[in-house]
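606 is the number that my numbering gives the last residue of the sequence shown; the numbers go up by one with no jumps.
Since the hints were made in silico from the structure, they are not lab data. C-beta: ideal position from N, C-alpha, C; glycine also. Hints may be right or wrong, so weigh each one.
Distance ranges between label pairs, derived from CB positions [said to hold, decoys possible]: (1) Gln402 x Ala211: 33 to 43 Å; (2) Val118 x Gly69: 45 to 55 Å; (3) Leu357 x Gly205: 45 to 55 Å; (4) Met429 x Pro250: 24 to 34 Å; (5) Ser571 x Ser432: 34 to 44 Å; (6) Ala176 x Pro155: 21 to 31 Å; (7) Val204 x Pro155: 53 to 63 Å; (8) Val118 x Val192: 15 to 25 Å; (9) Arg550 x Leu131: 46 to 56 Å.
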Amino acid sequence: MTSVGARRLLFTGLSCAILLPLKLIRGWNAEPALALLSAWMLDASFLLWLCLLSIAAGGKTRGRIVLGRVVFVLLELPALLVIAAHSYYLEEATARQFSLLDSSWGAVEFFVTEVVPPALLVAAGLLLVAFFVAAGFLARRLWLPRLRWVALAAGSLGATALIHQANVTFFPSVLWEMGRDVAEALSHPAVALVGEAQELAGADRGRTAPKGEPRFERVVVFVMESVPSRILDQDAAALPPEHFFNRHRSQAHAYTSYFTTNQDSRTGLLAMLFGRLIPFEAYSERDARRYLFLQQRPSLVDGMARAGFHTAVAASQTDVELVVFELPWNQRLILSQGQFENHGDFLCFNPYQFEHDCEDRILLPRLIEELAAHPKVFVLQEGVYGHIGDYQDATGKTPVEYYGDYLQMIWDGLAQRGMLDSTLFVVTSDHGIRDWDYRTRRFALRLPLWFISPRFERREVDGLYNQSDFPALLWSELVEAPPPAPRRVSAYVGCTNSSLLGAVSAEGDLLVVKDRRFRKYVLAEGSCPDDDRPVAPPRRRVPPGALVEFFRRLREGFEKSFGESLPPPDWPEASLTGPERSVRVQQVRSPIEEEK
11 MTSVGARRLL
21 FTGLSCAILL
31 PLKLIRGWNA
41 EPALALLSAW
51 MLDASFLLWL
61 CLLSIAAGGK
71 TRGRIVLGRV
81 VFVLLELPAL
91 LVIAAHSYYL
101 EEATARQFSL
111 LDSSWGAVEF
121 FVTEVVPPAL
131 LVAAGLLLVA
141 FFVAAGFLAR
151 RLWLPRLRWV
161 ALAAGSLGAT
171 ALIHQANVTF
181 FPSVLWEMGR
191 DVAEALSHPA
201 VALVGEAQEL
211 AGADRGRTAP
221 KGEPRFERVV
231 VFVMESVPSR
241 ILDQDAAALP
251 PEHFFNRHRS
261 QAHAYTSYFT
271 TNQDSRTGLL
281 AMLFGRLIPF
291 EAYSERDARR
301 YLFLQQRPSL
311 VDGMARAGFH
321 TAVAASQTDV
331 ELVVFELPWN
341 QRLILSQGQF
351 ENHGDFLCFN
361 PYQFEHDCED
371 RILLPRLIEE
381 LAAHPKVFVL
391 QEGVYGHIGD
401 YQDATGKTPV
411 EYYGDYLQMI
421 WDGLAQRGML
431 DSTLFVVTSD
441 HGIRDWDYRT
451 RRFALRLPLW
461 FISPRFERRE
471 VDGLYNQSDF
481 PALLWSELVE
491 APPPAPRRVS
501 AYVGCTNSSL
511 LGAVSAEGDL
521 LVVKDRRFRK
531 YVLAEGSCPD
541 DDRPVAPPRR
551 RVPPGALVEF
561 FRRLREGFEK
571 SFGESLPPPD
581 WPEASLTGPE
591 RSVRVQQVRS
601 PIEEEK
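Taking the hints into account, I'd like the entire structure generated from these sequences.
Right, dumping it as structure tokens:
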């Protein structure tokens, strides 16, 4: 074995050695120890085979030396980094099961710049350098086995892991996930591209909002994190009768067939505020650049302001959603870095580089003060508690229980000030469940939408609506008008790195399509009698090819469809446009930076 080969083999061995404790520690709460050990064996086997390939490709001639380096640098090192990243974020990776087949350079850019803390990147870089140095030092001092024995060891590790895999339904290895995804793509029917379908006409925008004088002086919109309607009902049923969601159910106008349009928080909120389906995944740098122009377009925020409402947006974070918080809100209730670091008795976490957040209750005094300080107020708060499982682990409360307790505090605070009767509470969710196992389950896409007031009696509206209809439904409740005509079909976009497109029908159908670059295929299609998985032929069929074509055309003309500066005709009030609004947008951006 050459000295170069010895260094590469030792480097690979050191890397595999550090991956084992990393996978066990990071995945201890997510997967059984045996599965983690077996997954490490598969990963180590793969890296050893790549190392052997780079050694075999190398040689003494200049061309062979270059070839060996290319294999090592372009195959083994990227594979090592992907496996290490998967192991470090194993708990979320096993829930979402992101696939490399769905990734893009924009998503990778977002992951490196917004998710991974800089300190972790520096530590990983230093560790790689240390492994290179240690490998060079040890290569001259250690006896190394022949390559055939290394190949035998790599084969044994891989074979043992494969035997274990044959007896499990899931395996916490990025290699296993890629193999499963390839098998899935080849075993499902391909999408036959066709033209647009009548069923999707008007699916890109929300219903028309009625006009009228609002009958409430305060509107509190609370957006829960990833709570489908079925989960809300199930969790609330296990709570005492005096809990918020049980106590005020009789005072709610509930929309029971309200569906997500976007399975990411940011784009879900944008769909609610602009009354449009956002045809992009949210957290890819490439896709984000394609909807940034929205911050210059009229939205529900402008409509509420023109109707005389002081507008405020709240989230107990230091780093807030792009575009959503850049709209011309009169006030932003967020956390400064100092408030995050000196949070007192409140729970606070920093799960990702872009996310420094605390539990929602930390904003309660400021929120009550904001509601009491103005004669007419519109407040939208993005719930944070459900973003990561650490909050539930620390409190023992489900998101439904925590959110209900928090909303009851707001309710009681307004009641003490005699403001309750003039307040409309709106409770909904930003998106459905995004975990891999729920991709083809219809109930995971159906969101709660409750309008709650002491003036109301229980009423259920079962027509099909979605997040782009939120402005119209809100104004229907504000001005006491009938809700707009329901939809026949509602379309949606899956979460970032899912490549999912889908549609649901009023008859209970579900269509899910994998819109991958190399192959587009139907993941699920049919009727869902129990609001779960399709088990029968669809009653209102949307051609899968028509759905793919609908989104292709929508993405191509998305910015153009918003017009130059005129507000869409369905807003109840004329919005600020042109230079006047541009000045206003510039003026309201600075408070975010000041609060940070």
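Regarding Gln402 and Ala211, is the given constraint of 33 to 43 Å on their beta-carbon distance met?
-> holds (42 Å)
For Ala176 and Pro155, compare the CB-CB distance with the range 21 to 31 Å and indicate the outcome.
-> Since Ala176 and Pro155 have Cβ atoms about 29 Å apart, the given range 21 to 31 Å holds.
Is the gap between the beta carbons of Val118 and Gly69 within 45 to 55 Å?
-> The hinted range 45 to 55 Å is violated for Val118 and Gly69, with Cβ atoms some 33 Å apart.
How does the Cβ-Cβ distance of Leu357 and Gly205 compare with 45 to 55 Å: does it lie in that range?
-> holds (52 Å)
May I ask you to test the hint 46 to 56 Å on the CB atoms belonging to Arg550 and Leu131?
-> holds (49 Å)
CB-CB spacing for Val192 and Val118 relative to the 15 to 25 Å hint = Holds - the Cβ-Cβ distance for Val118 and Val192, about 20 Å, lies within 15 to 25 Å.
Outcome of range test on Cβ distance (Ser571, Ser432; 34 to 44 Å) | holds (37 Å)
Is it true that the C-beta distance of Met429 to Pro250 lies inside 24 to 34 Å, as the hint says?
-> Given range 24 to 34 Å: holds, Cβ gap about 26 Å.
Within 53 to 63 Å or not, the Cβ separation of Val204 and Pro155?
-> Holds, since Val204 and Pro155 (Cβ atoms, about 59 Å apart) stay within the stated range.
Consistency note: the structure conflicts with earlier hint 2 alone.
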